[in-house]
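Novice: Given these sequences and hints, build the entire structure.
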Amino acid sequence: MSFEPKIVAFLCNWCSYTGADLAGTSRMHYPPNVLSIRVNCSGRVSPLMVMSALTKGADAVLICGCHIGDCHYVTGNWQTEKRVPLLKKGLESLGIDPRRVRLEWVSASEGARFVEVVEDFITEIKRLGPNPVKGAHHDRRTACSL
Amino acid sequence: MIEELRAHCKELLAGKRLDSIYGLGDQGGAHVPRFFSTVDELDDLVLAGKQRLIFTCRPSDQNIIALVQGQRSGLRLGIVARGCDERALFELAKLSQLSLDGVEVVGVACDRTQAEECRCSQPYPQDPRFGEKLEETFDDPAVARFRKMGAEERLAFWEHHLGKCIKCYGCRNACPLCFCKECQMERELFVRRGALPPDFPLFHFVHMMHLADRCVDCGACEDACPMDIPLRLLKKVMRGAVRDLFNYEPGIDPTRGSPFAGIARVETTHGD
Amino acid sequence: MATESVFSVCPYCGTGCGLYLQVHDGQLVGVRPAQSHPASQGKLCIKGWHANEFVTSKDRLTTPLIRRNGKLQPASWKEAVELVAQKLKAASPDHVAALSSAKCTNEENYLMQKLVRAVLGSNNVDHCARL
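Chains as they are written, first to last, in the working numbering: chain Y, 1 to 146; chain S, 147 to 418; chain U, 419 to 549.
Simulated from the structure, these hints should not be mistaken for lab results.
Given the structure is predicted, the values throughout are model-derived calculations rather than measurements.
Ideal placement from N, C-alpha and C gives every residue a C-beta, glycine not left out.
Some hints here could point you the wrong way.
What the hints assert, rightly or not - Distance ranges between label pairs, derived from CB positions:
| id | chain 1 | residue 1 | chain 2 | residue 2 | range |
| --- | --- | --- | --- | --- | --- |
| 1 | U | 454 | S | 306 | 39 to 47 Å |
| 2 | S | 389 | Y | 38 | 30 to 38 Å |
| 3 | S | 148 | U | 490 | 43 to 51 Å |
| 4 | U | 441 | S | 186 | 16 to 24 Å |
| 5 | S | 313 | U | 519 | 33 to 41 Å |
| 6 | Y | 57 | S | 333 | 18 to 26 Å |
| 7 | Y | 57 | S | 402 | 20 to 28 Å |
| 8 | S | 373 | U | 497 | 44 to 52 Å |
| 9 | U | 544 | S | 389 | 51 to 59 Å |
| 10 | U | 526 | S | 217 | 32 to 40 Å |
| 11 | U | 544 | S | 241 | 43 to 51 Å |
Specialist: Written out as structure tokens, the structure reads:
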């Protein structure tokens, strides 16, 4: 059985979640590897949430937000734009492939683009293989447990 | 140099230019941070290698300077600061954790022995009154070795080192820039209670991400670690990332805030 | 305005790490490790780092408490001591245990174990550091 990546996607409510929804209502098919989590804004996504996902079973994390200039909260996606490159450097410094986190701007009308992004990401993660730290949170390496 | 430093500080106090001076004092052979309020007390002023001046009081989460400033308004305080002390002061002032009003920095540059032992990025304050600025880099060879490691080697490296952690929170408690009342390193959602070693790598990931734009490279974290985890290496790498991405270095410019401090759009200098 | 660094030894376990109690104008404001201590060498465990907090904790008891009707209620020292003495006298040695504390002095801990072993005739005495 070949590797099927598990991808957690944080989708902003106003643009990208709606875009993904459009893909669904338009009956566009895309692989079932994505677990969508709706957030009110991509700026809500903290690097800690991303790492949390990566250590609790995710092979990769996709973050989608509104295009720059279109954020429903005006400045939210500016924060995402600053954070994700730093987050990737953090992953890289720990030895986790930074390509396992991807930031894409997807608008509410871009159902097809959402599908494209997802399919491309899945292909890339299949090539990278399973995430070496995906089980870290549940690892029973604990020396002591209270 | 110590005699000249003491004489200068005595002059500042005697001439009533300052109410008190904060620096390291000799206490039966140990070097402890203290306030000097009289000229005679300054005979005990010392400069020592590893003892840092700025720290956060617990459980109030207030740093020591803010504590005294809160008690006495209009306080004129001198601080005998080395490079790392001054950087911590500047960062804390930018983060509204203390005021630089009424604060006069008596800058002391580190000598070669200290600079080589400590290996920080800038072993001198902006304007040292004592000591010579050593402009060369004192890079830690460990950083260069680390940068050459591939991903697999890095992961194994950190799994080994971070796996030694006993979750003493010494790194967090010793850090002059850590003062959050609700520290995310204590949050059950990210870090399970009662599990040792702490969940890899979230426990240390919180610290390195949250300090990326405020670490002043003082080394207090690594000095406090009982398990000899190369924490400073992680921080140095993140500081380098912030420098590369945003052309920003914490503690250097007291007027320039972190790119993460406000909601303004700040474009990265390199592509993602 | 005086900050004192009072050298002390962590009360929690037998390692005896050296630390400085940060005292500012008579108030305990924090703890710092003692850099040149031979046993601890400038390090502390999580208990040591927070060794000062119990002193000014708002959770500290201010009066004895007696459980009545399932609820802990304030009582006088007289009431409390008499109740404890009465219950201890009534119990057989094997049905008594005592738990002492790192926040007590060595002398107080010594007295506790002497009371339990010599007076009550029980071996069941322990200390919070073992938890």
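Novice: Evaluate each hint against the coordinates.
Specialist: Okay, the hints, checked on the actual structure:
| no. | hint | verdict |
| --- | --- | --- |
| 1 | U/454 / S/306: 39 to 47 Å | violated (29 Å) |
| 2 | S/389 / Y/38: 30 to 38 Å | holds (35 Å) |
| 3 | S/148 / U/490: 43 to 51 Å | violated (58 Å) |
| 4 | U/441 / S/186: 16 to 24 Å | holds (21 Å) |
| 5 | S/313 / U/519: 33 to 41 Å | violated (23 Å) |
| 6 | Y/57 / S/333: 18 to 26 Å | holds (19 Å) |
| 7 | Y/57 / S/402: 20 to 28 Å | violated (41 Å) |
| 8 | S/373 / U/497: 44 to 52 Å | holds (49 Å) |
| 9 | U/544 / S/389: 51 to 59 Å | holds (54 Å) |
| 10 | U/526 / S/217: 32 to 40 Å | holds (35 Å) |
| 11 | U/544 / S/241: 43 to 51 Å | holds (45 Å) |
The structure is inconsistent with the numbered hints 1, 3, 5, 7, although it conforms to all the rest.
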